[in-house]
Amino acid sequence: MNAPVPDATEPQIAELVRRFYHSARADGELGPLFEAAIGDWDGHLRTVADFWSHVLLGTRRYQGSPYQAHTHLPLQPAHFERWLALFRQAAGETLPPAAAERVIARAEHMAESFKAGLFAFPGRKGPLLAHPVKP
Numbered sequence: 001m002n003a004p005v006p007d008a009t010e011p012q013i014a015e016l017v018r019r020f021y022h023s024a025r026a027d028g029e030l031g032p033l034f035e036a037a038i039g040d041w042d043g044h045l046r047t048v049a050d051f052w053s054h055v056l057l058g059t060r061r062y063q064g065s066p067y068q069a070h071t072h073l074p075l076q077p078a079h080f081e082r083w084l085a086l087f088r089q090a091a092g093e094t095l096p097p098a099a100a101e102r103v104i105a106r107a108e109h110m111a112e113s114f115k116a117g118l119f120a121f122p123g124r125k126g127p128l129l130a131h132p133v134k135p
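The letter at position 75 of the sequence shown is residue 75 when you use the UniProt record's numbering, and the numbering goes up by one with no holes.
Keep in mind that a hint or two might mislead.
Label pairs and their computed distance ranges (CB to CB) [said to hold, decoys possible]: (1) HIS22 / GLU101: 19 to 25 Å; (2) PHE119 / SER65: 17 to 23 Å; (3) PRO74 / ALA26: 17 to 23 Å; (4) SER113 / HIS44: 19 to 25 Å; (5) GLU35 / LEU84: 17 to 23 Å; (6) ASP7 / GLN89: 27 to 33 Å; (7) ASP42 / PHE119: 27 to 33 Å.
Hints were generated in silico from the structure; no laboratory data involved.
Virtual Cβ for every residue (Gly too), placed ideally from N, Cα, C.
Work out the full structure, taking the sequences as your base and the hints as a guide.
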């Protein structure tokens, strides 16, 4: 479980998500990917805010798998660098320093994990572990 960061609030987290996606949708690299993949923007923003609320405040509203949600997208390693740049900017603009530091660290860890899963083998035809292996 995530230890709560008390100086982050739900409205700040919602603003982080809103600001990030505003920038990402306008971005020449990320915008087309997001526009093609997301139909219900209001629902998506709520889901992502729930995820970051879990990370920062320890709430349990988010029950999904971020990795699984991204395996079908035509992502390339450079997309993660752009995503991180926009996310770092949004976090720095919307969250208190301790919360921004924590959420950025988690985003950086996620990006590395996603890249390891998606691009572990050159010439892959699909994501590594698109469907979890059952014991």
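Checked hints:
1. Range check, HIS22 to GLU101: about 22 Å between beta-carbon atoms, so the 19 to 25 Å window is met.
2. Between PHE119 and SER65 the beta carbon distance is about 18 Å. The supplied range of 17 to 23 Å therefore holds.
3. Separated by about 19 Å at the C-beta atoms, PRO74 and ALA26 satisfy the suggested range of 17 to 23 Å.
4. Our hint of 19 to 25 Å for SER113 and HIS44 holds, since their Cβ atoms are close to 21 Å apart.
5. Checked against the given bound of 17 to 23 Å, the beta carbons of GLU35 and LEU84, roughly 20 Å apart, stay inside it.
6. Distance hint check: the CB atoms of ASP7 and GLN89 are about 19 Å apart, inconsistent with the given range 27 to 33 Å.
7. A beta carbon spacing of about 31 Å between ASP42 and PHE119 agrees with the range 27 to 33 Å that was offered as a hint.
When each numbered hint is compared with the structure, a violation occurs for hint 6 only.
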